[in-house]
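Following the hints, complete the assembly by docking chain B onto the known chain A.
One line per chain: the protein sequences are A and B, in this order. Under my numbering, think of the first position of the first sequence as 1, with each following residue one higher. Under my numbering, think of the first position of the second sequence as 1, with each following residue one higher.
Read the hints as simulated data drawn from the structure, not as lab findings. Incorrect hints may appear among the rest.
Remember, identical chains collapse to one label, so a pair may be satisfied in a single copy or spanning two.
Pairs of lysine-lysine, DSSO-like flavour, derived with a Cα cap of 30 angstroms [to be verified]:
(1) K391 x K327
(2) K402 x K335
(3) K361 x K385
(4) K142 x K159
(5) K391 x K453
(6) K245 x K421
(7) K361 x K335
(8) K185 x K416
Since the model is a prediction, treat every value here as computed from it, not as a measurement.
2 protein chains.
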Amino acid sequence: MNNSKLNTDNSKLLFVVILAGGSGTRFWPLSRETCPKQMLQIVGEDTLLRQTIKRIEGFVPPENTWIVTTEDMAQDIRFHLEPLGPVARSIRIINEPVGRNTAPAIGLAAVYLRHISPESIMIVMPSDHAIPDRDQFQADLKSAIRGAEENRLVTFGIKPDRPETGYGYIKVDRQGTIRPDKLLKVERFVEKPDAPTARKYLSDGNYYWNSGIFVFKTSKILSEIQTHLPSLSSTLKEIEVFLFKPNKFNEPNEPNKLNEPNQLNKPNKPNKLQSRPALCAMRYAEIDPISIDYGIMERSSDVLMVPASFHWSDLGSWTALDEILEKDRDGNILKGNTIDIGSRNTTVFAGERLIATIGLKDMVLVDTPDATLAVPKERVQEIRKIVETLKRRGQEEYLLHKTVVRPWGSYTVLEKGGGYKIKRVVIHPGSKLSLQLHRRRSEHWVVVSGNAKVTRDGETYLVRTNESTFIPANTKHRLENPGEDLLQIIEVQNGDYLEEDDIERFDDDYGRVII
Amino acid sequence: MNNSKLNTDNSKLLFVVILAGGSGTRFWPLSRETCPKQMLQIVGEDTLLRQTIKRIEGFVPPENTWIVTTEDMAQDIRFHLEPLGPVARSIRIINEPVGRNTAPAIGLAAVYLRHISPESIMIVMPSDHAIPDRDQFQADLKSAIRGAEENRLVTFGIKPDRPETGYGYIKVDRQGTIRPDKLLKVERFVEKPDAPTARKYLSDGNYYWNSGIFVFKTSKILSEIQTHLPSLSSTLKEIEVFLFKPNKFNEPNEPNKLNEPNQLNKPNKPNKLQSRPALCAMRYAEIDPISIDYGIMERSSDVLMVPASFHWSDLGSWTALDEILEKDRDGNILKGNTIDIGSRNTTVFAGERLIATIGLKDMVLVDTPDATLAVPKERVQEIRKIVETLKRRGQEEYLLHKTVVRPWGSYTVLEKGGGYKIKRVVIHPGSKLSLQLHRRRSEHWVVVSGNAKVTRDGETYLVRTNESTFIPANTKHRLENPGEDLLQIIEVQNGDYLEEDDIERFDDDYGRVII
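Bound-form chain A, shown alone:
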C-alpha cells in the first residue's frame, strides 16, 4: 500500500535514464558498429534496449523515459524504437557528441533534467543487460527510490552464485544498516578480484556484484559530481549555460521544447565565429572519460544498496549466455539452422544459413550473412582484436550488417558486383520512403510481393506483384506501400557509384530531409 502510494505520488518526478551509447565489439559478428549489443535480440523476446524500456513500462510515464546515446547512433536508436509504437515517440533522446563513459553521460542527462524538474529522481539503467523478472525489478526499484528520497545514492547488488572474476563487487555493512526496508549500507566498492579473492567474497556473504543500475536525485548526483569530479562539474556548468541561457541560438528554457535533435548537436555552421552549440560539443568532447562507478560510487560515503531479488546478467561476452540461456543435456546452446553431432558446452548462433558442427568442446560459433566467427570460450576476450584487424585491413564492410533496419521497413544487400548492387527492400504496410534522388545510379524495381505506389518525376502509378519499373538517375522518386500486406521489391542498382550517401531527400516522414 505504501509502495503504490509512493509510485503514484512520485511518478511525475521519476525519470528513467537509459545509457545506450555503448558500441562494444564483444558480440561481433552479431553486433556491429551500427548494431551494438543493445539492439540485438540475443536473450528473450525482444532486443535488449526494447526489453529495457518495457521493463519500466507502467512505472514511469513514457515521456519520462530518456535515452542517452552518441550522436552517431541517435538516428538508428530512434528507428530501433519504432516497433514500440506510440511509446517510442514519447521517449526523449539525449545525444552526446561523442561517448565519454557513464559519469559524463549521466551528468549531461542531469543537467537537462534539473531544468525540467529540480526535485526529480533519476533511475539510471544500462540498455544492454538481461533482467528477465520485471515485477521483481520494479519492486526492488521502489526500495531504491525510498533511499534516493533520503538523498542517498542507491545501487543494486546481485548476490553472487559463483566466484566470478569478471565483475566489480560491492561490500555491504550489515551491522550499520538495520532498516525495515531492503536498503543496506555500502561499505565500499571493490575492483574485479582474482580467483582466490572472488572465492573469499562468495563465501563471505557480504559481497555483491555491481549491477550498474543506480537511483538518485538529480540534484544529489550533480552535487556528488561537484565534490568528486570537479572538472567534469565545471564543464557541465558551462554546457548548461550554453543550453539554457537565452541567446540567439536557442529559446529560453522551456522544458516542452527540450526535444531531439538537442541543442548540443546542431551541426557546426561554417561561419568564422564558432556557434555556442559547437563550442558546447567541443567542450563535451574534451571531458576525460570516466565511469560513474569509479568516478562517484567508489568515492562517495553516501551509498546504499538494494540486494536484487531479480535475475541479472550484464551479457559481457558470448560466454555470459551460458548463465542465461537454456542448454541441452550436453551443455550446448544451439540457435538457428544448426546440425550438431556430439558437441559439448558449445554455443552456436546461426541464422538461416546452415551451421554443421561435430565434436566441438567449449566453443562459440556465430554466423551472420557475411561473416562467421569460431572461438574457444576461454578466448572470447580476443574478439575485439578481430574487429581491430578488420579496421586496419580496411575490411570495414564487416562492421556493418547486410540488413539495415529503417523506420519504414528494412533493406538487405543481396549482392554487390562491378557496377551493380542488388537489394531486397521490405516496406511496412502504410509506410513510405523519402522522396529522393540519386545522382549516379539508376534503379530497377521488381515487385515480388504486395503492391507498390511509385512516384517518379511527378507522376504516380501502381506497380503490382510481378511488375517492374525503372528509375533513371537524377529523377525524383518515392516508394510507398499503400496496401495492408508487406511490400517486397528487388532493387537492382546500376551506376559507377553505389554508396548510400548518393541520396538527396526532399520530403521524409522521418525528419531526415536535412541529414
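Frame of chain A, contents of chain B only:
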C-alpha cells in the same frame, strides 16, 4: 629412346579409363551430390578431374580418354569438361546406370573397349587423386605399360613416409624381381593395418601404399574377371550381347558410333515389353558392388608394381590436405577470406564470406555460401553423418550448391522467398541458353554487365547494361551473349512454382532438348 618409341607405337592402342562415378560426402560442404570431389579445385590450379585429364595429355590421343561415371552425373561431367576446349568433346563418357564400385565399372569399360581394339591396353585412373608431378607420372606409366604388354596386371605403389592406417598396402617380393626396369613382383595386397602393423610396414621397406592406378590389357582384365568374379563376367557378357549384337534398338557394332548417350542408358520406354537397353541397365544394377582391388588384385597371382616416383594423395578427407598443401608456420592452411588469431594446425576453407577464427587447434572449418562446417581433425570421418542427417531431415538443399555451372556459364541462386527467386546468371561470350519456356513463372531480367540478345515470342532484340526486359510465363524465350565481354543478368522469377524442372527446351546448343 626406347621409351619414346614405345609411346609412338602403342598410343593408338592405349586408352585411359578415368573412374569418375564417386559422389563421396567426405568433402561436404564443399563437395555436394551434384559437385563431387573430382569436380572441386581443392589442390592445384584446376579441378581434380580436369587435372587428371591434363595429366595424360600428349600421352594418349584425346579420343582414347574415356570417363566412366553414373548416368546421374554424366551431364554435369560433360559440362564440367567444357573449359578443356576441343579436347573435352573428344572424350567419351560411359554411363553406368548406377554405381557398382570399380570392378564392374572397369569391366564395363573393357566390354566397350574390346569392340574397338581387342589388343588395347587400359590405363585405369581415379578422377579425384592429387598427383602434382605430371612428367614423373608419365615416365612411370611407361614402365607399367611394358608390364601390361607382358600380359600382367600392373599397379602403382607409393613409398610410405608415415605409418598411415588409412590405406591398403602392397607387399613386393624383391627377391624374385630382379628386372632392368622398375617393375617389382607383388607378393600380396594387404588390408588397412592397425597402427603397430603400419609402423612395421614402414620400417620393413617392402610395403607400398596402393594408389588405385592400374594398367593392363583389356583382354587380360576380362579374363581375370572371368577367373575371379565369374558372376560379374557372365553379366558383362550378357550386356555385351545387348550392346553389340544387331537388333532393332541399336546399330551393328561400329566403334565410331559408340558415343554418349550410350545404349545402356536409353530411357526405359513405357511399353509393355522391356527394351533391351532397359534390360541391360537392370542387369547392371543387379551386379554386386565390388572393388577391383578386392575382387581382382588381391586374388590374382599375376600382378606387378611400379614404385611411384611421383607425389600422390588420394585426398580421402579434409585432413589429407595436410600432406599436400603448404602450411603457415603455425601449421595452418588458410584459404579465402579469412582472419585468424593464434590458431594452430587448423585448416580453414573460406570463400568470399569472412571466416574469423581465434585460437583453434587441430580443427577444420569449411565455408560455402549456404553452409559452414566446423569439426576437429580427428573426427572428420563423421562428416558423412551430417550428410545422412540432412537427408533424413529433408534439408536436401544442402546437397546442392547455390552456384550451378553450365556449359554456357553459370547461375547462382541469390535468394528464394515466397513466390519469387533471384538468380545471377553469367553467360560466356558467344554462348547462349536453350530456347525455352516456363509454364508457371515469369522472369524479369536486368542486365548488369555486357549486352544480352533476347529472343521472346519470335522477336529478337538487344538489352544493354542497365536495361531490363520481361518474359511472361508460357512465352518461348532465349538468352544469348553476342558480345566479347561477360554478360551478367539479374533474373527475378515470379510464380507459384519456381523449380528448375519447369522448363521446356526447343533448341539447345548442348543437346539437352530431350532431357
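Going through the hints against the structure:
1. K391 x K327: For K391 and K327, only the inter-copy Cα distance (26 angstroms) is at most 30 angstroms; the intra-copy one is 34 angstroms.
2. K402 x K335: Both ways: K402 and K335 sit 20 angstroms apart in one copy and 23 angstroms across, limit 30 angstroms.
3. K361 x K385: both (22 angstroms within a copy, 18 angstroms between copies)
4. K142 x K159: Result: close within a single copy only, 19 angstroms intra versus 80 angstroms inter.
5. K391 x K453: neither (40 angstroms within a copy, 43 angstroms between copies)
6. K245 x K421: neither (49 angstroms within a copy, 59 angstroms between copies)
7. K361 x K335: both (16 angstroms within a copy, 24 angstroms between copies)
8. K185 x K416: Result: close neither inside a copy nor across copies, 59 angstroms intra and 60 angstroms inter.
In summary, the structure is inconsistent with hints 5, 6, 8 from the numbered list given earlier, while agreeing with the others.
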